[in-house]
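Chains A and B, in that order, give the protein sequences.
Anchor point for the first sequence: position 159 equals 183 in my numbering, and the numbering is continuous, going up by one each time.
Anchor point for the second sequence: position 54 equals 86 in my numbering, and the numbering is continuous, going up by one each time.
Don't read these hints as lab results, they were simulated from the structure.
One should not assume that every hint holds.
Stated by the list, open to error - Each computed BS3-like pair below joins lysine-lysine, with the alpha-carbon atoms no more than 27 Å apart:
| id | chain 1 | residue 1 | chain 2 | residue 2 |
| --- | --- | --- | --- | --- |
| 1 | B | Lys381 | B | Lys431 |
| 2 | A | Lys79 | B | Lys212 |
| 3 | B | Lys375 | B | Lys212 |
| 4 | B | Lys431 | A | Lys79 |
| 5 | B | Lys206 | B | Lys381 |
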Amino acid sequence: MSSGRISPQIPLHMSFREDAVFEDYLPGQNAVAVGMLRQSLANLSEHLVFLWGAKGCGVSHLLQASVNDLQLQGLDAAYLPLSECYDFGPEALEGLDVLDAVAIDDIDMIADNPEWAEGLFHFYNRMRDSGRLILVGGQCSPLQMTLTLADLKSRLSSGLTLQLVAMSDEERTDWVVWKGRKRGLVIERDVAEFLILRHNQNMHEMVNTFDLLDEASLAEQRRLTIPFVKQVLGW
Amino acid sequence: MQDALWQQCLEQLRSELPSHQFNTWLRPLSVDADANGLVLLAPNRFIANWVKDKYRKRIETVAEQFGYQDTIAIEIISGKPRRAARTVEAPKRTAAAKPAEVVTAQTRSVAVNSPRHRDLFDTPSANEGAVANQPVIDDVPQAKPKDVSVVQTTGSKRGRNKVQSYLNPTFTFKSFVEGKSNQLALAASQQVAENSGGAYNPLFIYGGVGLGKTHLMQAIGNEIVEQNPSAKVVYLHSERFVADMVKALQLNAIAEFKKFYRSLDALLIDDIQFFAKKDRSQEEFFHTFNALLEGNQQVILTCDRFPKEIDGLEDRLKSRFGWGLTVSVEPPDLETRVAILMKKAEQAKINLPADAAFFIAQRIRSNVRELEGALKRVIANSQFTGSAINTSFVKESLKDLLALQDKQVSIENIQRTVAEYFKIKISDLYSKRRSRSIARPRQVAMALSKELTQHSLPEIGDAFGGRDHTTVLHACRKVKELRETNQDIREDYSNLLRTLTT
Numbered sequence: 025m026s027s028g029r030i031s032p033q034i035p036l037h038m039s040f041r042e043d044a045v046f047e048d049y050l051p052g053q054n055a056v057a058v059g060m061l062r063q064s065l066a067n068l069s070e071h072l073v074f075l076w077g078a079k080g081c082g083v084s085h086l087l088q089a090s091v092n093d094l095q096l097q098g099l100d101a102a103y104l105p106l107s108e109c110y111d112f113g114p115e116a117l118e119g120l121d122v123l124d125a126v127a128i129d130d131i132d133m134i135a136d137n138p139e140w141a142e143g144l145f146h147f148y149n150r151m152r153d154s155g156r157l158i159l160v161g162g163q164c165s166p167l168q169m170t171l172t173l174a175d176l177k178s179r180l181s182s183g184l185t186l187q188l189v190a191m192s193d194e195e196r197t198d199w200v201v202w203k204g205r206k207r208g209l210v211i212e213r214d215v216a217e218f219l220i221l222r223h224n225q226n227m228h229e230m231v232n233t234f235d236l237l238d239e240a241s242l243a244e245q246r247r248l249t250i251p252f253v254k255q256v257l258g259w
Numbered sequence: 033m034q035d036a037l038w039q040q041c042l043e044q045l046r047s048e049l050p051s052h053q054f055n056t057w058l059r060p061l062s063v064d065a066d067a068n069g070l071v072l073l074a075p076n077r078f079i080a081n082w083v084k085d086k087y088r089k090r091i092e093t094v095a096e097q098f099g100y101q102d103t104i105a106i107e108i109i110s111g112k113p114r115r116a117a118r119t120v121e122a123p124k125r126t127a128a129a130k131p132a133e134v135v136t137a138q139t140r141s142v143a144v145n146s147p148r149h150r151d152l153f154d155t156p157s158a159n160e161g162a163v164a165n166q167p168v169i170d171d172v173p174q175a176k177p178k179d180v181s182v183v184q185t186t187g188s189k190r191g192r193n194k195v196q197s198y199l200n201p202t203f204t205f206k207s208f209v210e211g212k213s214n215q216l217a218l219a220a221s222q223q224v225a226e227n228s229g230g231a232y233n234p235l236f237i238y239g240g241v242g243l244g245k246t247h248l249m250q251a252i253g254n255e256i257v258e259q260n261p262s263a264k265v266v267y268l269h270s271e272r273f274v275a276d277m278v279k280a281l282q283l284n285a286i287a288e289f290k291k292f293y294r295s296l297d298a299l300l301i302d303d304i305q306f307f308a309k310k311d312r313s314q315e316e317f318f319h320t321f322n323a324l325l326e327g328n329q330q331v332i333l334t335c336d337r338f339p340k341e342i343d344g345l346e347d348r349l350k351s352r353f354g355w356g357l358t359v360s361v362e363p364p365d366l367e368t369r370v371a372i373l374m375k376k377a378e379q380a381k382i383n384l385p386a387d388a389a390f391f392i393a394q395r396i397r398s399n400v401r402e403l404e405g406a407l408k409r410v411i412a413n414s415q416f417t418g419s420a421i422n423t424s425f426v427k428e429s430l431k432d433l434l435a436l437q438d439k440q441v442s443i444e445n446i447q448r449t450v451a452e453y454f455k456i457k458i459s460d461l462y463s464k465r466r467s468r469s470i471a472r473p474r475q476v477a478m479a480l481s482k483e484l485t486q487h488s489l490p491e492i493g494d495a496f497g498g499r500d501h502t503t504v505l506h507a508c509r510k511v512k513e514l515r516e517t518n519q520d521i522r523e524d525y526s527n528l529l530r531t532l533t534t
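Next up, chain A with everything else stripped away, as it sits in the complex:
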């Protein structure tokens, strides 16, 4: 990554977390899957890696961490969440095949869209044939996808497919405590459980909440307790 940053008037890239790293992911039961993913990135041994799991499992985080990791290796990589470029149609992929790697998130979006499926099929072929890497993320495996284009489905099955499983309640609590600690926040387990409950177990939103709590805790020099959390977040 470049150390310099553009002036603030230039908005950040859509939804891409430049601070997403593997170290910020508590693998838990996904340790082997994450290990295999990191191994494949280090060796560049695959042409396609397909990550799938229910919302909140960390698919998007790991895809973005992968892109950052590849960039650290000196490769040109991009992250493209289909949820944000779906309306542009498959032409959104045009021109991206000059990059060494492209991570396509939210693949489930295109399940019922033959145009997108064909566009992605051709994009896959171009990337594959020039030795480039595609990372794909979604909520179900290639086998479960209801793609209208069998050619695409079979191609998506040909790579390294890795399932991420949802965290258990215990792991979620561990994660919140651990994540808070990494940011210098001391979060007791009861507070962590409360946060999980109020966030309806959406770990992604939780990360944004940490920013607010971090700021408020620093400003008011207070420990994070349930009443304080309620006060800060207006719950």
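Following the hints, complete the assembly by docking chain B onto the known chain A.
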């Protein structure tokens, strides 16, 4: 002039922007060298809009620093040659991959086999094909990037060839795993390779996804070039033919386009089902096709279905596709699947015990790509954990995949699919009716249940109206016998198997 300015801007922007933003939005831009002033070409509307919205001001500011005073236009590429930005090299980058337009047959081969992009199955993959993704028409001056010299194809033997063949040299007959399911197609392909432009013209290879059509097609091309290094052989995906034609039309170079394609000794077009509903392309292809056939030049086509079944394809094309030889590739049987796995493991230099290969082959039936995906998972897991591969390790590695398959292929699903296929009611399968029109589908459904699920004979019998396990056993034996002697049953069974496992 603009090129140099843009290079300077890019270098500046590269140092300012996070590399992800730079890569996604600015790297794909190129400069319109023919325009007055700085006109940036974006490959699509998405990137053009994004750059206009988010980066134009900054680009203008940076350009101003380098002495450019005018406004900057951002347009979408439409048939204009892309260059300049495509050749910008990332200083840190070490990968062999190069900008699309300047990748030659030689560099392309290097890229695929580069250590930075080495694939476990880069070498002979039973099914994956190299799809031409760069302009083929080097003879069309306007369609060729100016900074690319006339391209020589890979290898010294092809030194006299003036076209990019886009053949993947790893797809050979030697690396193709032969089995009952592809024997005929393989034999026909070998015949065509030996007698290019002869009796089997065109050769039309069709079949489901991931069964080796591309491999066979490219093996023919490689063999033709092997026998005659000066032969002009071009392999391309139908999408590329269409794209080249569109580009040629835009550049007013359709005459060169025609000349180029009609000058080939062998034209190999993959997945021609994507020609469907593209009328102008079909028209052009029709004439090219006729010209090649008249000149005894070989045409080889692949498709996911029989010519007459391609919706949206002109009848005259469907008819002409059948003039030569039409061969199908069927899903590989168990023995072939095992052989494919063993070959892939050998290519990946992995020790795969026969019983482990047998287990995978038994459970993954649909196509070779899925087999390949499953084997990749096992190998990655083995390498990560340092464990030796054996059957129990395979079971553990693939447990989620196997669980999904089990869920997908249930007895209920089989009954529903079989009933739909034979146009009978599901309840007929449970009933006591013994007429041939009901009993035969019931037997087929029982045999499929035995083959595709882990249920025992008594469980299967129960699911078919409480029948005895010996009835199920009899059905399995009967269907096996009929598949060997009766063409219709063989096809029905094969169609159902394909439907249920893909």
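(message) Check whether the Cα positions of lysine 375(B) and lysine 212(B) lie no farther apart than 27 Å.
(response) holds (17 Å)
(message) Against the 27 Å threshold, does the CA-CA distance of lysine 381(B) and lysine 431(B) hold or violate the hint?
(response) holds (24 Å)
(request) Take the C-alpha atoms of lysine 431(B) and lysine 79(A), compute the straight-line distance between them, and say whether it is at most 27 Å. (result) holds (21 Å)
(message) With the threshold set at 27 Å, check whether the alpha-carbon distance from lysine 206(B) to lysine 381(B) stays at or below it.
(response) holds (18 Å)
(request) Compare the distance between the alpha carbons of lysine 79(A) and lysine 212(B) with 27 Å, and conclude whether the hinted pair is satisfied. (result) violated (44 Å)
Against the hints set out earlier in the document, a violation occurs for number 2 only.
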